[in-house]
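J.: Those protein sequences? They're chains A and B, same order as listed. Following my numbering, the numbering of the first sequence begins with 1 at its first residue and continues without gaps. Following my numbering, the numbering of the second sequence begins with 464 at its first residue and continues without gaps.
Warning: the hint list may mix true and false statements.
From the structure, some residues in chain A lie toward chain B, with a derived Cβ separation under 10 Å [unchecked claim]:
#1 P251
#2 P342
#3 P366
#4 A367
BS3-like mimics (lysine-lysine), calculated; alpha carbons at most 25 Å apart, straight line [stated by the list, open to error]:
#5 B:K594 to B:K557
#6 A:K161 to A:K25
#7 B:K582 to B:K603
#8 B:K563 to A:K356
#9 A:K356 to B:K525
#10 B:K557 to A:K457
#11 A:K456 to B:K603
One-sided excerpt, in silico: chain B residues whose CB lies under 8 Å from chain A [claimed, not checked]:
#12 E545
#13 E549
#14 M553
#15 F555
#16 K557
#17 K563
#18 F566
#19 Y571
#20 G572
#21 H576
#22 A579
#23 V629
#24 S679
No lab work stands behind these hints, which were simulated from the structure alone. Don't be surprised by glycine CBs; every beta carbon is placed ideally from N, CA and C.
Each chain, letter by letter, is given below.
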Amino acid sequence: MGFILISLIVLIGFTSYFLGSLRAKKLRTSNQKNLTSLNHYYGYYVALWAVVPALLILLMITSFKSFFIEQYVLSDFIALGSYTETELSLLFTQIENTALGIKLFDENTILIDDAVNKLNYINKTIENLTYVTVLGLSGLLVLYSLININYKLNSRKIVEKFLLVLYFTCSLVAIMTTVGIIFSLLYETLRFFSQVPITDFLFGLNWSPQRVFVRDAGDLDTRDLANAFGAVPLFAGTFLIALIAMCVSVPVGLLTAIYMSEYASPKVRDWAKPIIEILAGIPTVVYGFFAALTVAPLVRDIGQGAGLTVSSESALAAGFVMGIMIIPFISSLSDDVIKSVPQSLREGSYAMGATKRETIVKVLLPAALPGIVGSFLLAVSRAIGETMIVVMAAGLNAKLTANPLDAATTITTQIVVILIGDQEFDSPKTQSAFALGLTLFVVTLALNFIALQVVKKYTERYD
Amino acid sequence: MKNIKIKADNLNVHYGDKQALFDVSMHMEEKEVTALIGPSGCGKSTFIRCLNRMNDVIDICKVQGKIEIDGNNIYAPSMQVEQLRERVGMVFQKPNPFPKTIFENVAYGPRIHGIAENKSDLEEIVVNSLKKAALFDEVKDRLNDAGTGLSGGQQQRLCIARAISVNPDIILMDEPCSALDPIATARIEELMGELKTEYTIIIVTHSMQQAARVSSRTGFFHLGKLVEVDKTETIFSNPSDQRTQDYITGRFG
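Could you build the full structure based on these sequences and the hints that come with them?
T.: Put into structure tokens, the structure is as follows:
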């Protein structure tokens with residue numbers, strides 16, 4: 001029914017646009033006085049009245065409908081008072097299935113048959129009511145707004161104001177999503193911290209959340225929880241892998257940027273830059289394959305050849321591949337920043353008899369430094385948030401180690417591990433994922449914020 | 464007549480397919496100010512940029528002909544561009560101090576050319592250059608402040624100090640006052656008068672009054688050709704070419 005109804009509303013919208021314009025035209029020709037806006041603005045004005053309230057009402061009906069239907073259909077069962085909330089919702093699913101002709105249970109009671117009838121009846125009624133309300137409202141408002149068109153009505157202003165509200169609402173969607181995510185993280189995190197002290201989480205050295213399930217939850221005391229949820233090994237692993245990634249991507253990315261901005265001929269730039277930027281577009285799972293199947297064994301073989309003990313999943317392999325992945329972040333941004341250093345500074349340096357290398361090292365890089373640092377910080381926050389490569393190539397073992405040849409794990413990986421499979425959402429193990437998520441969020445947010453500030457400071461310099 | 468410092472011989476310059484200079488031949492005298500005037504796009508900036516080979520930076524630019532400084536062809540294959548530019552300093556239209564401190568701006572040239580033997584040497588060079596550029600008194604208490612924080616006129620004098628820090632023979636000035644107010648312009652012109660006792664100065668300018676005030680010889684460029692070059696008084700009082708006459712009397716340009 002939704003599709004037909006919405007099509008009808010749209011149709012009314014188009015029709016009313018023409019009606020509005022037509023009426024404005026008539027008013028203009030029948031009288032000497034001037035209207036405040038162009039004809040088509042009156043069209044928009046009427047069309048907005050026709051469409052927007054109708055859609056809002058429709059939205060309201062659809063969002064409250066299911067709750068109302070459920071209450072109505074289950075009223076007999078609720079009256080019995082012997083069902084829990086979960087049972088009621090299961091029951092409702094059964095009724096819905098029966099209404100669709102799917103019979104999962106043979107022993108349908110009279111009550112259920114009765115409820116099925118009720119369901120069919122209420123669905124039909126609500127559908128009819130919706131049609132009448134929405135279309136009636138739409139029609140009435142079209143009439144109202146058509147009558148409303150006169151010389152004093154500034155429809156242009158009204159339409160512009162509506163657009164303003166629309167733009168604002170759209171931006172609000174993004175903002176509200178962010179706020180919503182933060183609050184849901186915060187809520188679960190606080191529940192987690194009510195069971196595990198925040199200091200134990202932030203400074204504990206032992207991460208083994210599965211221990212919580214070894215024994216019955218009732219036997220646990222807080223000391224066990226504290227021992228299970230020390231996140232330092234995860235922070236250390238994240239830091240280690242991000243550090244390895246930066247060791248790869250900073251020199252390669254920066255030198256690429258210098259080559260692209262200062263040495264490459266336009267021809268080379270034209271084909272090389274897009275290819276480098278493709279690196280950022282490769283799905284991280286593919287990097288994961290690459291890390292797990294190619295780089296990790298290679299690292300292991302080389303390490304063993306040199307007489308070192310290397311686990312087959314190593315932080316080095318994951319960090320290396322991650323470093324390759326974030327090269328374009330650094331090279332592309334730094335390239336732009338170096339290129340945007342005014343040509344006059346290059347000329348000033350050349351005119352002093354400086355060589356190209358001296359000009360780059362002594363003038364261009366210092367001038368572009370804030371922007372370059374900004375690109376590093378963005379790359380770091382990308383590296384810290386990266387999950388797939390680490391899951392596939394660095395292992396899941398939360399060991400506190402600074403040895404890059406050892407297996408390591410990161411915050412993101414542990415979140416994945418914790419939330420895969422059937423979980424009870426009120427166990428501390430599951431909630432710890434939210435605490436980790438919030439930590440990660442705060443860290444990347446801080447990095448992004450610093451990066452933006454640094455870049456901003458840079459852009460102010462030449463204005 | 465003074466010694467001839469720079470001599471250009473049948474200079475032709477192309478930017479891609481477009482020819483910017485046609486058979487320009489002229490000379491500049493040592494320790495004098497030579498002004499190059501002419502309407503926009505006449506090739507005077509192109510010409511001055513040939514004198515320290517700044518056009519090398521532009522890929523599509525091709526220079527044919529000969530420019531001799533002290534009798535050596537600067538376009539000869541054996542010529543080291545870096546050494547040439549050490550001897551031929553340049554000041555640009557828009558002040559372009561590096562985003563470094565005032566001290567570091569002036570110390571840049573001596574550092575890359577290894578002129579100063581030690582730190583006190585370097586400090587002496589910086590102070591002397593700033594003094595010669597008539598800037599020292601204004602900035603002596605804040606040598607470690609950013610050079611970009613100075614006023615436009617001060618920035619341009621900083622650029623002049625930077626140019627003379629490596630003790631060049633020649634200073635090229637490409638419309639050095641066009642971004643400055645009249646007072647700052649007057650200071651730079653005054654400075655040029657002092658500098659010409661030590662340096663050969665070539666200045667490109669839009670302002671005929673400026674050319675008349677500062678230079679002893681003036682060349683008039685039009686459509687890529689050097690129309691006329693002579694003593695400044697002669698150019699402004701009794702030019703031999705009708706186009707020069709028209710330009711200096713404001714009939715075009």
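J.: Sort out which numbered hints this structure fails and list those numbers smallest first.
T.: 1, 11, 18, 22 and 24
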